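S.K.: Taking the hints into account, I'd like the entire structure generated from these sequences.
Protein chains in written order, with my numbering: chain A, 1 to 393; chain B, 1 to 393.
These are calculated hints, taken from the structure and not from any lab test.
Quantities reported herein were computed from a predicted structural model and do not represent experimental measurements.
Cβ atoms here follow ideal geometry from the backbone N, Cα and C, with glycine treated the same way.
Among these hints, one or two may not hold up.
Label-pair ranges, simulated between beta-carbon atoms [stated by the list, open to error]:
{"no.": "1", "chain 1": "A", "residue 1": "E30", "chain 2": "B", "residue 2": "K91", "range": "54 to 62 Å"}
{"no.": "2", "chain 1": "B", "residue 1": "K300", "chain 2": "A", "residue 2": "E7", "range": "46 to 54 Å"}
{"no.": "3", "chain 1": "B", "residue 1": "T293", "chain 2": "A", "residue 2": "F18", "range": "34 to 42 Å"}
{"no.": "4", "chain 1": "B", "residue 1": "N88", "chain 2": "A", "residue 2": "N163", "range": "53 to 61 Å"}
{"no.": "5", "chain 1": "B", "residue 1": "K300", "chain 2": "A", "residue 2": "F18", "range": "38 to 46 Å"}
{"no.": "6", "chain 1": "A", "residue 1": "A27", "chain 2": "B", "residue 2": "T46", "range": "20 to 28 Å"}
{"no.": "7", "chain 1": "B", "residue 1": "K2", "chain 2": "A", "residue 2": "E303", "range": "41 to 49 Å"}
{"no.": "8", "chain 1": "A", "residue 1": "K195", "chain 2": "B", "residue 2": "Y16", "range": "30 to 38 Å"}
{"no.": "9", "chain 1": "A", "residue 1": "N161", "chain 2": "B", "residue 2": "S98", "range": "45 to 53 Å"}
{"no.": "10", "chain 1": "A", "residue 1": "K165", "chain 2": "B", "residue 2": "D94", "range": "56 to 64 Å"}
{"no.": "11", "chain 1": "A", "residue 1": "E30", "chain 2": "B", "residue 2": "M257", "range": "46 to 54 Å"}
2 protein chains.
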Amino acid sequence: MKIKVNENFSNIADSYLFSDINKKIKAYKEKNPNADVIRLGIGDVTLPLSSVVIDALTKASLEMGNKDTFRGYPPEYGYDFLKEAILNYYKRFDVNLSMDSIFASDGAKSDLGNIVDILGDNDVYIPNPVYPVYLDSNIMSGRRVHFINGSKENNFLPMPNVNYKTGVYYLCSPNNPCGAVYNYEQLKEWVKFAKFTGSLIIFDSAYEAFIKDRNLPHSIYEIEGAKECAIEICSFSKQAGFTGLRCGYTIVPEELMCGDYSINKLWKRRQATKFNGVSYPVQRAAEAALSDTGIKECQKNIEYYMENAHALSKLFDEKGIYYTGGKSSPYIWFKCPNNMDSWSFFEFLLKEANVVGTPGVGFGTQGEGYFRITSFGTHEKTKEAIERLRKIL
Amino acid sequence: MKIKVNENFSNIADSYLFSDINKKIKAYKEKNPNADVIRLGIGDVTLPLSSVVIDALTKASLEMGNKDTFRGYPPEYGYDFLKEAILNYYKRFDVNLSMDSIFASDGAKSDLGNIVDILGDNDVYIPNPVYPVYLDSNIMSGRRVHFINGSKENNFLPMPNVNYKTGVYYLCSPNNPCGAVYNYEQLKEWVKFAKFTGSLIIFDSAYEAFIKDRNLPHSIYEIEGAKECAIEICSFSKQAGFTGLRCGYTIVPEELMCGDYSINKLWKRRQATKFNGVSYPVQRAAEAALSDTGIKECQKNIEYYMENAHALSKLFDEKGIYYTGGKSSPYIWFKCPNNMDSWSFFEFLLKEANVVGTPGVGFGTQGEGYFRITSFGTHEKTKEAIERLRKIL
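M.R.: Here is the structure:
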């Protein structure tokens with residue numbers, strides 16, 4: 001063919017992180033067929049959905065087989081019953097949302113990727129290290145990307161800097177992969193900076209349900225003025241274990257204006273044109289996850305994971321190894337001992353303890369020398385991994 | 001804020017088609033509270049899902065509540081079980097697809113909208129009239145759009161023209177809103193033209209399951225050479241009544257090359273970055289819809305709708321009114337009598353017969369003077385509407 005393709009795609013680094021990890025594990029197992037390798041690299045939930053969620057999902061599925069209760073195209077922005085449930089959920093954080101500012105979707109990843117559609121040629125500021133979708137989706141659309149660096153000095157919570165200009169800023173709190181969480185003062189500073197420079201913050205709160213510390217914000221809208229400078233993207237994936245069901249949501253306040261342009265109206269138009277709404281049974285399942293019983297049941301799963309996180313944290317405390325996360329996040333991000341680089345430590349851990357994690361450098365250059373382990377395994381496997389780690393760290 | 005938005009959005013015409021229709025119906029009903037208004041404008045399916053689909057959907061939903069059968073993130077391009085079912089479905093048309101060329105998604109609308117992400121600054125050729133997503137998604141990304149005009153002369157099946165250059169061509173067959181279907185000779189001519197000019201065809205076959213005539217192609221890949229110049233986008237929405245469940249698929253053959261660029265690889269990268277796969281229970285439901293029993297049950301619903309379409313067609317035959325569709329499509333597209341324009345006919349129909357349809361001009365300037373009615377109503381309502389139409393046409 002002689003048509004033109006989007007050549008920005010050639011500027012995206014091919015990511016082989018997880019396939020490289022799998023290759024290395026496979027090679028190791030071939031050489032050591034009896035090795036009992038424990039995976040602490042899992043970024044996906046492992047516990048089944050709660051019973052109220054399953055009840056709502058199957059009930060709505062059956063409705064689709066009956067002519068009196070069948071439903072066709074869902075509303076593009078989500079059924080009112082789900083938007084109301086989200087609106088009520090935010091009241092827990094003293095945040096009042098309007099129904100029109102809530103957009104249900106098939107997941108946070110879609111919204112994080114698609115949000116670039118409504119934005120122009122801005123300078124884009126992305127944390128390093130961070131979840132790779134922000135970077136890749138902006139490179140695909142040819143944006144000028146700058147990094148806001150996380151490091152031991154700022155506890156992997158980068159703050160505004162006088163050199164940063166008007167632009168689009170991605171923040172992720174609790175952070176993936178570092179598990180670090182911005183506090184109120186820090187988010188206030190970000191909102192102040194965004195309002196002063198006329199910038200937009202895209203706030204990824206996918207892991208908010210892991211926050212237990214009452215002194216940490218779940219939503220950027222807990223900060224005054226944030227509705228005039230921030231979009232928030234959240235998900236049922238980690239809160240309610242929906243990674244396999246697919247449901248997320250994005251908040252685009254009506255207060256977000258660029259001159260005469262309403263960002264809310266642009267997103268409405270984008271979604272109405274390129275998206276046809278979320279599966280009806282999945283929306284009913286999401287509604288159930290936000291009921292009082294649903295929240296309680298989903299929190300039980302989160303507590304299960306957090307027991308792992310706390311046990312892992314204790315080990316690093318005991319060993320005096322620098323780490324972030326593990327308190328209000330399923331992730332623990334630690335400094336590789338003996339100044340090892342991320343991949344050397346990966347090999348060391350696999351060989352000496354038969355434990356697998358994720359090299360920090362896979363999430364950005366600032367992750368070099370760091371390592372991520374997660375708490376989504378079983379209690380038994382995690383305990384066993386801790387015993388092995390204790391011996392070699 | 002001082003960031004830049006995507007200003008191409010201001011070039012999209014705000015579509016008030018369906019809200020204008022609803023306003024007019026509401027105003028009419030307020031003046032005539034006893035009027036029994038019949039809606040023949042429905043573009044959505046109305047019959048419930050077939051029982052094998054419901055069984056698969058509820059079974060998979062229950063699996064998500066059990067720790068041994070729970071599934072997390074689905075594969076980004078679809079589970080193999082679904083891709084195999086699609087691959088087998090295409091064998092019915094003597095089309096052999098590779099597993100790697102099949103991409104499951106949450107619906108054809110998403111794929112039709114998102115496909116622009118991987119394309120560069122091409123001339124884009126869009127039928128007029130047609131489903132509005134092609135036009136709007138290209139205007140949003142600032143493309144140069146040209147129209148390929150449908151008319152009575154070409155039976156609303158526009159063909160290649162010496163003035164058309166290398167570019168991206170959207171074809172929709174069976175066409176929405178015209179119901180017209182390209183035959184083998186016509187598609188051969190399009191494929192020949194695309195290969196000669198180095199163009200890409202985006203073939204929307206969302207309504208293929210309505211084709212009963214064995215002399216009409218269901219897939220563009222029934223034409224030799226099409227894998228080197230065409231992407232096909234299809235859906236379970238109309239075939240199996242999935243408008244409320246959300247599942248579609250896109251075929252991007254590995255043979256599609258632009259110089260060194262593989263279109264298949266670009267789409268893989270786009271989907272892996274901005275999409276996290278289709279809900280597991282929905283994929284199981286889609287698999288069931290493509291089983292032998294599933295296809296039979298889904299076809300029963302289609303036959304129900306087609307009885308309406310045939311009854312409506314007969315009326316237009318009887319009255320000698322020019323129309324397309326109604327044979328291998330749920331849509332009937334007809335010339336408004338007495339050279340009325342689309343909206344005048346809408347008012348006339350509402351007032352004189354209490355029947356509602358869709359003004360053709362709402363699908364493009366070439367639709368002026370035409371009107372769309374659909375066969376998604378009940379037999380009873382459709383029969384009653386036909387009696388009323390018989391009196392006034």
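S.K.: Now look at each hint and say whether the structure bears it out.
M.R.: Each hint tested on the structure:
1. A:E30 x B:K91: 54 to 62 Å: violated (38 Å)
2. B:K300 x A:E7: 46 to 54 Å: holds (48 Å)
3. B:T293 x A:F18: 34 to 42 Å: holds (38 Å)
4. B:N88 x A:N163: 53 to 61 Å: holds (58 Å)
5. B:K300 x A:F18: 38 to 46 Å: holds (44 Å)
6. A:A27 x B:T46: 20 to 28 Å: violated (56 Å)
7. B:K2 x A:E303: 41 to 49 Å: holds (44 Å)
8. A:K195 x B:Y16: 30 to 38 Å: Holds: the Cβ-Cβ distance is about 35 Å, inside 30 to 38 Å.
9. A:N161 x B:S98: 45 to 53 Å: holds (49 Å)
10. A:K165 x B:D94: 56 to 64 Å: With a Cβ separation near 58 Å, K165 (chain A) and D94 (chain B) satisfy 56 to 64 Å, so the hint holds.
11. A:E30 x B:M257: 46 to 54 Å: For M257 (chain B) against E30 (chain A), whose Cβ atoms are near 36 Å apart, the range 46 to 54 Å is violated.
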